[in-house]
Structures are given as structure tokens and as C-alpha cells.
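Protein chains in written order, with this note's numbering: chain A, 3 to 273; chain B, 3 to 273; chain C, 3 to 273; chain D, 3 to 273.
Since the hints were made in silico from the structure, they are not lab data.
Each hint should be verified, as a subset may be incorrect.
Any copy, or any two copies together, can satisfy a pair, since identical chains are not distinguished.
[Stated by the list, open to error] Lysine to aspartate or glutamate pairs mimicking DMTMM-like chemistry, simulated, CA-CA at most 25 Å apart: (1) K117 / D28; (2) K117 / E190; (3) K117 / D221; (4) K94 / D28.
If you're wondering where the values come from, they're calculated on a predicted model, not measured in any experiment.
Number of protein chains: 4
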Amino acid sequence: MPDNHSMHPHLPDVANDEPPFDIPLDKVGVKHILYPITVLDRHDRWQSTVARVNMYVDLPKNFRGTHMSRFIAILNRFRGRISFETIRQIVKATRAEFQALEAHLELRFPYFIEKRAPVSGEPSLMEYRAGFHAFARGDDFDIQLEVSVPVMSLCPCSKEISARGAHNQRSVVRMRIKTGNRLVWIEELVAIAEAAGSAPLYSLLKREDEKAVTEAAYDNPRFVEDIVRTVANALEADPRITGYRVECENFESIHNHSAYAAISKRLAEGL
Amino acid sequence: MPDNHSMHPHLPDVANDEPPFDIPLDKVGVKHILYPITVLDRHDRWQSTVARVNMYVDLPKNFRGTHMSRFIAILNRFRGRISFETIRQIVKATRAEFQALEAHLELRFPYFIEKRAPVSGEPSLMEYRAGFHAFARGDDFDIQLEVSVPVMSLCPCSKEISARGAHNQRSVVRMRIKTGNRLVWIEELVAIAEAAGSAPLYSLLKREDEKAVTEAAYDNPRFVEDIVRTVANALEADPRITGYRVECENFESIHNHSAYAAISKRLAEGL
Amino acid sequence: MPDNHSMHPHLPDVANDEPPFDIPLDKVGVKHILYPITVLDRHDRWQSTVARVNMYVDLPKNFRGTHMSRFIAILNRFRGRISFETIRQIVKATRAEFQALEAHLELRFPYFIEKRAPVSGEPSLMEYRAGFHAFARGDDFDIQLEVSVPVMSLCPCSKEISARGAHNQRSVVRMRIKTGNRLVWIEELVAIAEAAGSAPLYSLLKREDEKAVTEAAYDNPRFVEDIVRTVANALEADPRITGYRVECENFESIHNHSAYAAISKRLAEGL
Amino acid sequence: MPDNHSMHPHLPDVANDEPPFDIPLDKVGVKHILYPITVLDRHDRWQSTVARVNMYVDLPKNFRGTHMSRFIAILNRFRGRISFETIRQIVKATRAEFQALEAHLELRFPYFIEKRAPVSGEPSLMEYRAGFHAFARGDDFDIQLEVSVPVMSLCPCSKEISARGAHNQRSVVRMRIKTGNRLVWIEELVAIAEAAGSAPLYSLLKREDEKAVTEAAYDNPRFVEDIVRTVANALEADPRITGYRVECENFESIHNHSAYAAISKRLAEGL
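Could you build the full structure based on these sequences and the hints that come with them?
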């Protein structure tokens, strides 16, 4: 449904009709918009990437429809510049223009960090997944940061019981944090997750690096439970972080299913 | 990590070691197991399908690891027979064998219903998605049913403002309900969602059926908001249903993104 | 577009109109039908599963449209019973009813094999992916079998250069074979792929099994290139197999990307 | 497996070992690398996006392994600048450094074009999918361009037989072309596909625009077969295009499966 702020005001606007049932809706909006963005990174540089964007407002019981094109117009106005500050502005603008009580903005995007191989120092880009989930209700504003970090996990049980070797695999650590609007960088969460696994991943490893990563992982076996607890312990210790959820999924090299662990603290799951 | 109920008790069991941090975990278990199941349908027939299965327990702060293979062993014992009754037994058995406070079982699977084309009466199978999410905490047991139903939605605004035609598209209505353990059939939720859209979908339509569906949809324009409200109204009226979430996503034929609406009532999102 | 074999022959059938350009089409049909099937396994049992089905015919330059509902009607007639013999019948029936020169049937489905853990002998179901791609052109009939098998791969380089341990991961071996219509069982291709990796995967492993799998993999390091060559060598030696493609993808535990190798012999890729 | 151009030449290089079978491989390399790129657009501007990248070489029968890290090193050297010219350089460099006969580079990425709504002229970004598949064999070089364009399709049959309305839906037109290395812009293929559907899609439509799009689609009904033929006719008429494949998939609003049509001309499917 298009905007009613139209050059053709004579076109009827059924969005203003009576709804079939006087039931207020929690979220009405647009979903799965692909949009090029630039994200401010820790080194004060704007990184270009592409985000999946969702935008919602609540809808009172007496309004039938929402003018969906306005979400896109608001997004366009910010030209894809994404920082803690612009996210707040987008959510605020959304709430104002829809005269809504609540507004939501969700963004998910790949995020790249240059990393050096552990021995050769060879630089290359490593891919992570990040997201922001911002929410305003009246004058309250809350933003959650989500980061997914692939790590290597080596099974302590397999190592202990086996005469040689130990099964290991790629795992994904997913963190979601609430900060009371204090800034936490994506890079900080990546560092916490990479320290919690058996070894970090790299895009480019020379032979001497592969030797170092293999041995480091073997010397540092971690269960999926260990990884989640280690991340939770680090998040718990950070005074900026007021709530969090940590999940880890191991794509087991000996099974065709995953091992999984999760913990949530002071974070409403649904937001 | 394999079971410690092993024929080789001399193998060390590092799962019993001290954890790195004394943090209790909400969920520890196995994820993304593909498993053939049979589900009891409304006509008292067992329908064969294939489920994605997740199983979790909580883990107290003083245990390092979980014996992941026991989840699979429990699942195997039930040979994939899935009904309200066996789900309760699986969750109960999981809690008991892990000596856990909580146990979770999640199943998602395609589900088929034979439907007759509206004019020709031609029968064919229509595909839906269903899932059960069961949870035990101590002696409390709760089961939620999730059903996704594709429907056709025709835009009231487009119809009203256009001299001819109206854009329409496939939409997916996703419902999740909590019932205080009273039985609600997948077929009942499918019927509610199909009645809420502009028209139901069919696998097989002859020309006279296509005419009927096209005209029915044109005569019954529905916003994404209308669909969610109509479903919510029906669920609200059912005394067996104590909580619910309804979402609808329209894969807009005029955009490359979706229109979306959602409502949640008395349903903890995260469970 | 529905069938014109309709009870309402007075409804116009624009499928018979002149096409906009007199260009013959290679494939016209229905895609992504989800359908419950039973597949005959090696032990002469019918296994229930759910398939994604695609069905196509060619369309001569002077026909504008195809009666898409007939594909579904043909599929329904066979009630989902899938064997080499019924596949041939479905493709033959499709060609005949559409009066087409060519007809295609593609099926992809999860397939389960009961496997015993290597030491404890504990049985459990292991999931594979299989598919049939059948094609008729005039009286010629050809069927290709596709099987995807997850295996464990342990890196020979990592083992050789490291003082201890070796990175390993889940890999997927994907085989597609052409047999001149001679029967090759899914189970046979699974066995070939599992023998080519560092170790097979299992759904359920007790501690003594995990020890055995870990050590077996460590003693049997395989590059992605080794796995593809070993499978190709086995397929080449089988007189029933007249053409094949083998791919292997390693979900590297030290990287966030895959290592990949492929070989194709006497198999038109596109069929 | 890391590079052997290492600072630690004393580390053994098992990639140089004897392979288990003397079988040459078609493709060996890295798959599913996510990488930020900039693509030159028609207006001579560099557009930032994120690509999935695959890189392969052939492997003669007497080499056991490939130094996978070199692919990443080559990619890094070009810093993600992607144009017809740099693609040729990357493929050439890959072939040279691996001393291979053949080299492949595959890139797939979202691509954005600013589009104006048809009546209001309101600008917004529209998302497409594009890809390059480049191949060198000896001194021969070939590059194929792939573009996926979402369009609206309105069913001619439904319109003809119905007293009012007509079912319509989102469709995706996928084109792959071979050009003998002459430049064809992504924008040109987008224009061809958008002209072939019932109407183009937009990110942002005001009410007067939605009216225009709805009526245009109703006035321009197209079968999936019509769309493919119209695109094929346009590609056939372009002297730069020496081979092509066109597919269209309609996500039918009256079914839960797709209608599909395809044509291929002078294009080896597998390349």
C-alpha cells in the first residue's frame, strides 16, 4: 500500500477504513528489504556492506492499514549511513511520521575485519555477521547488537579418550547484547567469541600459520558448553552490558547434526 | 560427546570435569537432526513425513558437559511416532534421564492435507508447515503448536484506486498457540488461516476452479493487517487457546520486499 | 494455468493462442512441489520421505502455453510410489499426455539408512540426500541418480606439519551417475563415499565409538582432492556406471569458506 | 592447506605427494568466500556490494594437492575492484600462479539500481542479483554474465476466464549470457527482463504509482512462457550476445509451487 501523502489526494485511501476487528497490532511494516549501507567501524572508517532491513510500527485498533511506502522513504533519507546515532534518528523519525507509540528497526549484514595470520602476519579479510535491533516506545529507546562469530572447537572428550587426534569443527557463536545505549563495538564482541573457542578462524593461512592454529586448538579443547560459559562470563563482567543472550552451535565433524548450548540473562527474547 | 553409560567404563569422562565458569546454562543439546516421523492427523491416520528435531535440557553450574548421544537414544526409542501423548513422554523421559530441571523438544515438519478444488472437486495434496515445541519444568508441561499456511492476499488499496485489476500475491500466515495441553488439530489452524486470506491456495486447479479462485480473491481484498486481525479474532474466541502469536508476510507482487504484520498475546516469545 | 480437459469447455483457453514469438522452449512446467513419497530401498522396503519435485516438458514454437495442472494430476496418479520403474512410467505418461517430444522429472529427498556405531554396535538412523533426474526424448529414456553423503575429512597437511592434532571437519560428497538404466542403489553410492573420506559420520556414538572414529580419521588423512579421486576411481570401475560427476566440499574448521574439488566424466552437466 | 611459498620451507609439503589415484581433476579450489567488492556500473560509478566468490583451477593427475591459500592471496591483491578488465586479470593471474591449464572465477552479488516510480517520479533503490563466471583455458578467455530480475506476472488465462480480477505474482527472470568478451551492462539485461514481464517492481510506490502499476499489469498479461520467449527474442537480436540461457519462475499466487520455463541457446550449461 503506497503513501497517502500523494500528489493525487482524490485517490481513495482505504487504509483509513474501519478495520475488520478492533484489535491493535504489535508490528506492522516492511520486511526483507535489501539495502546497501555503510557502517562505522572501530577505526572510525565507514565500511560498505549490504543489509537486510525490517521496519515496523505498532498499529492502534482503530486504524485499518499502514502506509508501507513511508518506511522506504525514511530509509532512503538516511542514505544507508548506519551508526548508533543514525539508528536512533531513523527509529525516532519512524515513530514520529507514523504517529506510532512504538517503532522497530532491524538490520543484519556481513561485516569484515582485517586479520593477520598468527605466524606469518599475512593480512586478510575475515567475515562476520552483525545486526542492530533498535526499538523506541514513547521516549524510551533501546538498541541491541547482535554478532555471529565462526570459531574452531576441538572436543575435550574426543581428545581425552583417543590415543591420537581429536575431532574438531567450525562452530558459530552468536551473541546479542543490550547496553542501555552505551557503545559496544562489533570488534569487541568478535574478540570475546574468538577468545572463547579452541582457535579463531582466518581467511588466509600459510603453512606455518596452519601448524600454529592446529596445535593451539589441540592444546585448547572446548565443549560447546565451555564456549558459551566463557563468553557469558566476559559479557557479565562488562559494566556497559545490561543483558545478553549467547548461543553456540558446533557443526560436529563426527555427526550430521549440531551440538548446541545457550544462555540468556536479562534480555527479553522477543525484542 | 558420547554417552558415559558405556561398555567401556574405563574411558575417562571429561563431561564430569569442573566447568571453566560456574554458570548454569539454559539449553544444552542437539540441533538440526533430520528424522522420519509419523504424525497423527485429525482423521486418526498416521501421516509419514520428515522432521527437523532439536532437543535440549538445562545444565546446572557445576556440570561441565552433557552426554549428547542420549538425546538421540531417547528419540530412537520412540521410533518417530509423534502425537500429543508421545511428545509428552519424550520430554518427560529426557528430563528424567538427564536428571535435568527442564527439557525441550522442538519438531518442525511439512504436513499434507488432501483438499478438493472449489468447483471441479478435483482432489490433491496441499503442503503446510507444522511444528511442536514442548517444554517441561519440574512437573509442569507445556506444548505449543506452530502452523504456517500459505494463502492468497489481494490488496484492497490497489483494487480501490485502480480502474481494473488489483495486485495480489502469495502470503504466509504463521500461527503459534499455547493450549494448556488441550488438543488443537493442525487442520483447525489451517482452516482459520485459509478463511482469513483473500482465497486459499490449491495444488491442482482446473480452469473453472481458477476462475472461481480469481473472482473470490477479487471480491475479498485483504491487507496483511486484516489477515492477522482475522486470525487473532478466531484464536481469541477459542476457549482451548490460552496464548498465541500470529504473523503474516505478503511476498508483494509489486515490490521485492514483504509487507508484514504480527500480534502476540499471552505467549512468552522465547519459549 | 489450469487444465483444458475441463468440465467447462466453454471457458476460453488462451494457452492455445499464438505465442508472442515463435521460439520453442526447452522446459516448461512446475517447480518446487513438496510431495510425500515412498522410495524402494535396497532391502526391498518402502521408505517414507518427502520430496521436492520438478516436472517439465518441451514446448514447440507454435504453442503459447502449457496446462500446468496436468503435471500435478499425473503425479497424483502414482500416489508418490517412487522406484526406477515408476519413474519411467511417470516420465512416459508426462510425455504422452502433453504430446511432447521431451519430458523431465526431478526428485530430491532425504533418505535414511540404519547404521551401527563402529564399536558398540548401537543402531541409529543416518540422513543422506538423494535425487532422481529422469529424462525422456522420444523413445530414449535416461535416469540419473544423485546422492549427497556427509563424511569427516582430516587434513593431511595439517597432520604432517603439526606436532599434535590435525584440523578436521564435516565434508559433503555429492555424486551424480548415469547408468544406461541399470539399477544402482543409493546404499551403494553411500558406501563408496563413506569409504573415501577420513571417517564416516554417525547419528549416535558412545564414548568407545567416538574414540574409534577419532583415531580412524587421524590415521586416514584425506585432502578434498583425495576424496574426489577415490570416489571417481570407484565409479570408473563399476561397469553399470556410464558417466558421473563427483564433487566434494569441505566446510573447513580453520576457515569460514570451503575447500572444493570436482570431476565430471561422460555426463552432460545440464541434464 | 596453506601456501608453500612460506617463510618456513622446512615444513613438509604433502601437497606434492603422490595422489592416491592418477586421475586429473576438473576443478580444485575455494568456495563460498564472502568478500566486499566494488563493481563498475553503467554510469561509470563504483558500486559497493558484497559477493560470494568461488575460485578454481584444474589439477593434473600427478599432483596430490593445491595450495588453497593462494586463491585468497590473489583475490586480496585486487582489493575487490570488479570490472570486466579486472576479472580477466584475476583469472589470468590465477592460471599463471597455479601453472594450471584452466582457471575459473565465479562472483555473485546483489546489485542496486536507482529507479523512479512511474507517476510520482519518486526515486528509490531496486535490488537485483548479478554474477560473473569467468573462465580461462590456455589463452582462451570467456566471461558470462548472469542477472536475476524480479518482475510482476499477471496470468492471461486467469484474466480471460474471470469476470473480474486476475491472479498475479512476483516472478524471477534469470538470464545468463556469453558475449565473446564484448561488454554488456547489468543494466541492459535488467531492462530486457523488466520489459518482458507484466510490470516491473519498485521499492517505493505512492498511491498514484500503485494505480499505474496495477493497471499496466492488468493490461499486459504474460504467461511464464511469454516472458521467457520475449527475453530470448531480445537476446537473440543483440549481436554482442553469442549464447544465452533464460529461465523464469513464477511464485504462483494461487498455488504453493512455481510455474517455470527455460530456454538455452549456444551456451554450455556447465561452464
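Here is what the structure says about each hint:
no.	hint	in the structure
1	K117 / D28	neither (42 Å within a copy, 32 Å between copies)
2	K117 / E190	within (14 Å within a copy, 38 Å between copies)
3	K117 / D221	within (22 Å within a copy, 33 Å between copies)
4	K94 / D28	within (17 Å within a copy, 34 Å between copies)
Comparing the model with each numbered hint stated earlier shows that hint 1 is the single one that does not hold.
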